[in-house]
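So the sequence shown is numbered by the numbering used here: it starts at 1 and just counts up by one.
These are calculated hints, taken from the structure and not from any lab test. In this text the structure is predicted, and so the values were computed from the model without any measurement. Hints are all accurate, no fakes.
Here are the computed lysine to aspartate or glutamate pairs in the DMTMM-like style, where the Cα-Cα straight-line distance is at most 25 angstroms:
(1) Lys8 / Asp143
(2) Lys8 / Glu50
(3) Lys65 / Asp30
(4) Lys65 / Glu137
(5) Lys97 / Asp30
(6) Lys97 / Glu59
(7) Lys97 / Glu66
(8) Lys8 / Glu66
(9) Lys8 / Glu137
(10) Lys97 / Asp45
(11) Lys8 / Asp77
(12) Lys65 / Glu3
(13) Lys65 / Asp91
(14) Lys8 / Asp30
With beta-carbon atoms standing in for the labels, derived distance ranges:
(15) Asp91 / Asp143: 32 to 40 angstroms
(16) Arg32 / Thr94: 31 to 39 angstroms
(17) His31 / Ser130: 32 to 40 angstroms
(18) Phe129 / Ser87: 25 to 33 angstroms
(19) His35 / Ser62: 14 to 22 angstroms
(20) Val48 / Thr4: 35 to 43 angstroms
(21) Leu100 / Gly5: 15 to 23 angstroms
(22) Ser87 / Leu67: 26 to 34 angstroms
(23) His105 / Met151: 31 to 39 angstroms
(24) Glu3 / Ala115: 17 to 25 angstroms
(25) Glu21 / Glu90: 21 to 29 angstroms
(26) Glu90 / Arg32: 33 to 41 angstroms
(27) Leu99 / Met151: 24 to 32 angstroms
(28) Ser62 / Arg127: 14 to 22 angstroms
Here a beta-carbon is modelled for each residue, glycine too, at the ideal position from N, C-alpha and C.
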Amino acid sequence: MLETGFLKANIDAAFFTDSLEMGFGIIIYDHRGRHIYSRSHVMPDLYVSEVGEAIGHHEALSWVKELGMARVIVEMDAINGDETHNSVFEDIITGCKGLLFFLPHVHVQWIPRDANIMSYRIAKVARAFSSPCYWVERPNCVDGLPGSSCMC
Numbered sequence: 001m002l003e004t005g006f007l008k009a010n011i012d013a014a015f016f017t018d019s020l021e022m023g024f025g026i027i028i029y030d031h032r033g034r035h036i037y038s039r040s041h042v043m044p045d046l047y048v049s050e051v052g053e054a055i056g057h058h059e060a061l062s063w064v065k066e067l068g069m070a071r072v073i074v075e076m077d078a079i080n081g082d083e084t085h086n087s088v089f090e091d092i093i094t095g096c097k098g099l100l101f102f103l104p105h106v107h108v109q110w111i112p113r114d115a116n117i118m119s120y121r122i123a124k125v126a127r128a129f130s131s132p133c134y135w136v137e138r139p140n141c142v143d144g145l146p147g148s149s150c151m152c
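From just these sequences and the hints, can you work out the full model?
Structure follows, in structure tokens:
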């Protein structure tokens with residue numbers, strides 16, 4: 001459980017090599033674990049996973065700032081500080097750091113992939129829509145049930 005007044009944002013990316021696209025999924029929960037918002041977005045470019053995850057991180061921070069959320073724990077499963085990255089990755093991370101400067105009570109932490117499955121499912125459904133999708137109620141597709149779909 002989070003401290004009262006904090007929100008949690010889970011972020012993930014999905015990569016579609018057949019269409020050279022990538023999708024992002026962001027789910028925001030309150031301190032009791034209740035769904036508040038979800039967002040899904042597809043981009044018409046395919047990057048290496050580290051760059052794609054960094055873009056997803058930047059998208060999530062931008063959305064948190066846009067929504068005026070002040071106290072947020074951002075969780076993602078792709079933080080890896082041991083690898084050498086290219087200039088595109090470094091530029092995106094610099095942008096994320098710039099956003100975090102204006103969000104002093106937003107913290108980023110790593111979680112295992114299996115704890116981030118819901119945002120991955122939202123990222124995968126992104127390719128079904130031509131524009132970003134937003135949900136206020138928990139979308140059915142995050143449960144992974146056969147035949148479940150997300151209406152945008």
